[in-house]
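Trainee: Model the full assembly from the supplied sequences, consistent with the hints where possible.
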Amino acid sequence: MIKDITIGQYFPGNSVIHRMDPRVKLLLDILYLVILFTSQSFTGLIVALFFMVMCYIIADIKLIMILKSIKPIMPLMLFTLILNLLFIKGDTPLWQWWIISIYPEGIRTSLFMIIRILALIVGMSLLTYTTSPIMLTDAIERLMSPLKKIHFPVHELAMMMTIALRFIPTLIEETDKIMSAQKARGADLESGGIIQKAKSLIPILVPLFVSSFKRANELATAMECRCYHGGEGRTRLKTLKTAPRDYLALAVMVLLFAGIIVMNCNPIIP
Amino acid sequence: MNIIEVKDLCFDYTTQDENGDVTERNPVLKNVSLDIPEGQFLAVLGHNGCGKSTLAKHFNAILTPTSGKVTVCGINTSDEDRIYDIRQSVGMVFQNPDNQLVATIVEEDVAFAPENLGIEPKEIRRRVDGALKQVDMYEYREHAPHQLSGGQKQRVAIAGIIAMQPRCIVMDEPTAMLDPKGRREVMRTIKQLNKEQGITVILITHYMDEAAQADRVVVMDEGRVIMDDVPRKIFAQSAKLRAVGLDVPQVTELCDMLRAKGVEISNEIIFEDECAEAVAALPLKSKKANITRKARVIDKDEKSEEIAKLDGVTYKYSVGTPFEKTAVDNVNLSIAKGEFVGIIGHTGSGKSTLIQHFNGLVKPTVGTVFINSQDIWSKDAKIRDIRFKVGLVFQYSEHQLFEETVAKDIAYGPKNMGLSEEEIEKAVKEAAESMGITHLLDKSPFELSGGQQRRVALAGVLAMDPEVLILDEPAAGLDPKGRDKILGLIKQYHEKSGKTILLVSHSMEDIVKFASRVLVMNKAKLFCYDETDKVFERTSELVEIGLDVPQITRLSHKLLEKGIDIGNDIYTTDRAADRILTLL
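Residue numbers (the numbering used here), protein chains in the order written: chain A, 1001 to 1270; chain B, 15 to 598.
Warning: the hint list may mix true and false statements.
Output of the computed footprint for chain A on chain B, the stretches with three or more beta carbons under 8 Å from beta carbons of chain A [claimed, not checked]:
hint: 1; stretch: 93 to 104
hint: 2; stretch: 117 to 123
hint: 3; stretch: 129 to 137
hint: 4; stretch: 173 to 182
hint: 5; stretch: 369 to 378
hint: 6; stretch: 409 to 415
Pairs of lysine-lysine residues, derived as DSS-like cross-links and limited to a Cα-Cα distance of at most 25 Å, are as follows [stated by the list, open to error]:
hint: 7; chain 1: A; residue 1: K1214; chain 2: B; residue 2: K457
hint: 8; chain 1: A; residue 1: K1197; chain 2: B; residue 2: K377
hint: 9; chain 1: A; residue 1: K1177; chain 2: B; residue 2: K330
hint: 10; chain 1: B; residue 1: K377; chain 2: B; residue 2: K537
hint: 11; chain 1: A; residue 1: K1199; chain 2: B; residue 2: K422
hint: 12; chain 1: B; residue 1: K403; chain 2: A; residue 2: K1177
hint: 13; chain 1: B; residue 1: K71; chain 2: A; residue 2: K1214
It should be emphasised that the hints constitute simulated quantities derived from the structure, not laboratory data. Beta carbons are placed, not taken as given, at the ideal position from N, Cα and C, and that holds for glycine.
Mentor: Below, the structure is given as C-alpha cells:
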C-alpha cells in the first residue's frame, strides 16, 4: 500500500553507528569525502572502501543495499568510464581503431575514478541508511547555527525540511486519491502526446495545490495555537550529546586519514 | 470561577483593497456574551457558518474582537504581551488530524509546544510521556503520524495540547473526519480529561449524541448565542433546533412522536437508558408488540435483471512484498438493477477497495467482475467505457474540483465521454438540476460552501449518466442540515431515475433511511448481503464485529432486557414509535 513507503532510506536499528551523534556522523562523512579526494593511490581507495564495508557490517545493513544505492548512478559511472577511456592520452596506445585509441593511462584513470565514485556513494548512503531524516535535519540545523549570526534563517530552513518530510506521505496518498477520482470521471492519463499528457495533469495538480494551500493555512494556525514563534528561545526534547563512541569514531577516521596520506607517499599499487 | 469570559463580542471579517482600506465588512459574531466556569464540559452546536469556529478562535487569541472583550484566565486577549500565556492556558484541537501534526515522529510532535515554550529537555520528556499515556498512545511514541489511524492521530494532537498543561481545551469538530471507532476513542479521551484532570473542555460538534454528554450546551445561529442550557433542556426544544438546521438524539425524537400521539412521556430524554425506563414506566397493556411487517413487494423484472456481479473476487495489496495484505477476500455477490444498496463495515474492512472493483479502478487479483453480464477485464471490454457506466463518487469528493466554473467542472466527465457540445450542455444542466445547484453554475467551485462543493462533485459524476452510481460516504463531515440535504437529493435522484445506487456509510442511520438491501463487510470478507430488515435482525452480530448501530436499535435491546419486546428489526424512530403504540 502507498502508506507503507519509507521516507528517505532510513533503516531503523540500534547499532553503534545508529546511535552515534548525527552531527559527528555528518562531519565524519565530510571528512571521509576529503579522504577520498586526497587519496592518490588505488591502495588508499580500496582501504577506504573496505573500511566502509566494515561499517556496513557493524551497522547491520545488508551489503546488497550497496548495490541498490549504486544503481541510480550507474549511468554516471559509465559516462565517466567512457570519457576517461577515450580522452586520457599516454605514450603508446594499447589498442587503436579509427579515431579511437586507448592508452593504459586511460584505463588506470577510469578505474580509479570509478572506484572513487563507488566509495563516495557507499559512504554517503551509510549516513542516510543509519540516520533518520529528522536526526539529519536536526544535525544540519545545529551545525549551521553559527550562521544565525549573519541572519541566515537556519531554524526556518530546518522547520521547512521537517514539515516537508512530514507531509510527503500525506500528499502522496492525496495524489493517489485525486487520480482515482478523476479516472472515475473518465480521465485518460496514459495516452496522448506530451502536450496532451501535460493537459491531463491539470485536473490532478489544481486540486492538489488547492488542498496544499488549505493544509498550509490550517497547519500554520495549529502551530500558532501551540505557541510557535520561530526558533528564538526554543528548546528541544532530544538534545544531541556526544558520547565516547563518537570520539572513538573520530579517532578511527583520523587514523584512516593518516594511513591514506602515508599510502599516497608509499603506494603499494601505484 | 470563570476561566473564559466573553462580553459583547463582535467580530467582522473584512476585505481590504490594495491600499489596505476596508472595502467590505462581514459581521460574523454579533454581541456574544458567554461565561465559562472552570472545569465545565461545554458543547457548542450550530450549522456550518454560524460563527462557532470564529468564536472558538477568540478563546486563545488567534483572533481578537472587533469590539467587546474576551478575558481568558483573567487576561484580556487583546493584550499582545501575554499572548503566549493565553495560548498555553487554552489549547486548541482542530478537525483535520493531518493538518495539525508538525513532526515526523509522534513523540517529537507532542514535544512541539513545550519546545516552543522553552521548557527544559528533562521536563519536556516527562510531559511528553505523561501526555501520551493520558491519551493511551504511549506505545506508539516512535511511530510516524502517517502510520496511524484517524482516531489515533487525533489523540496525538490532543496529547500535543495536554503537553502544554492547559487549563482549557477547545476542540473544533475533532470527530468530524473520524470513523465510529475513532469517534469513540476521542470522546472517551475528552471525557476523561474533563472528569479526571478537571480540564475545561469546549467541544464544537455536529453530533447530537456527543453534545448530549456535555454539562452544558450552547446553540449558535447567525453569529448569536440563541440557546444556552443543560443538554436535556436544549433537546426538549426540538422544533427550535430543527429551525436552525440541527437535530435531536433519536430517542428524543421518539418521545416527541409518542407525545404527539397523546402518550405522556417526558420531553427531556436524551439517552437510551432513561428512554427505556420511561417506556417501561408507561401503563403498558402488553409486553410484546404486535409485529406486522409488510413483505417487500418484489418486482419480477427487478429480480431477474442483474446489473453487476462479483464472482470470487479477491484483491491483494503489494503482492510479493512484506506488506502484502488481502483487502478483499473471495467475494461473490450480485446486484439487481434499480436496487439501493447500503454498504457498511468499519475502516479497513475492505469496503472502499470493494467498490473500486465495480468501475475497474482496481483489478481483482483473482476473480471476475461483470457489469451488464460483461466481464470488464476481458479483451474486448474498454475500461474507460465501464467508468462511464459505473459512476464512483469518492469520500470528500469536493477535493477533486479543479475548473474555473461549476459548469465547466461538471462538464469534465461528459467531455471525456466525447459527447457533442449540445449533449454536454444538456447533461450539465440535468445533473445540476438533480443536485439543486443550477444557480451556482457560473460561480467558481472554490467560493462555495463545503456542502455545495460536495453537490457539485456529485453532479460531475451524475452528468455522465451512469447506470450504477456508487457513493463513498457522501455525507461525511457535513452538518445535519447539509447531510439531510445531500442524502435527500440522492434519494430523489434514485426515485426519479430508477438507477442502481450503492451507498457506503459509517452511519447506519443514513443507510437504513434509503437502502432496500444492506451489504456488510468485515475483515475483507462479505459478512452478509440481504434485505435491510433481515440484516438488522442480526444486530447483536453487527455489534460484535464493531459496528455502530443506531441509538434507536440500542433502545430496542434495552427494552428487551426489561422484558418489553418491540421486535428485533428496529432501526427507524417511526417503526419504534408505531410498535410502542401497539403496546398501549
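Trainee: Take the hints in turn and mark each one as holding or not.
Mentor: Here is what the structure says about each hint:
{"no.": "1", "hint": "93 to 104", "verdict": "holds (count 3)"}
{"no.": "2", "hint": "117 to 123", "verdict": "holds (count 5)"}
{"no.": "3", "hint": "129 to 137", "verdict": "holds (count 7)"}
{"no.": "4", "hint": "173 to 182", "verdict": "holds (count 3)"}
{"no.": "5", "hint": "369 to 378", "verdict": "holds (count 3)"}
{"no.": "6", "hint": "409 to 415", "verdict": "holds (count 4)"}
{"no.": "7", "hint": "A:K1214 - B:K457", "verdict": "holds, 20 Å"}
{"no.": "8", "hint": "A:K1197 - B:K377", "verdict": "holds, 23 Å"}
{"no.": "9", "hint": "A:K1177 - B:K330", "verdict": "holds, 18 Å"}
{"no.": "10", "hint": "B:K377 - B:K537", "verdict": "holds, 19 Å"}
{"no.": "11", "hint": "A:K1199 - B:K422", "verdict": "holds, 15 Å"}
{"no.": "12", "hint": "B:K403 - A:K1177", "verdict": "holds, 20 Å"}
{"no.": "13", "hint": "B:K71 - A:K1214", "verdict": "holds, 17 Å"}
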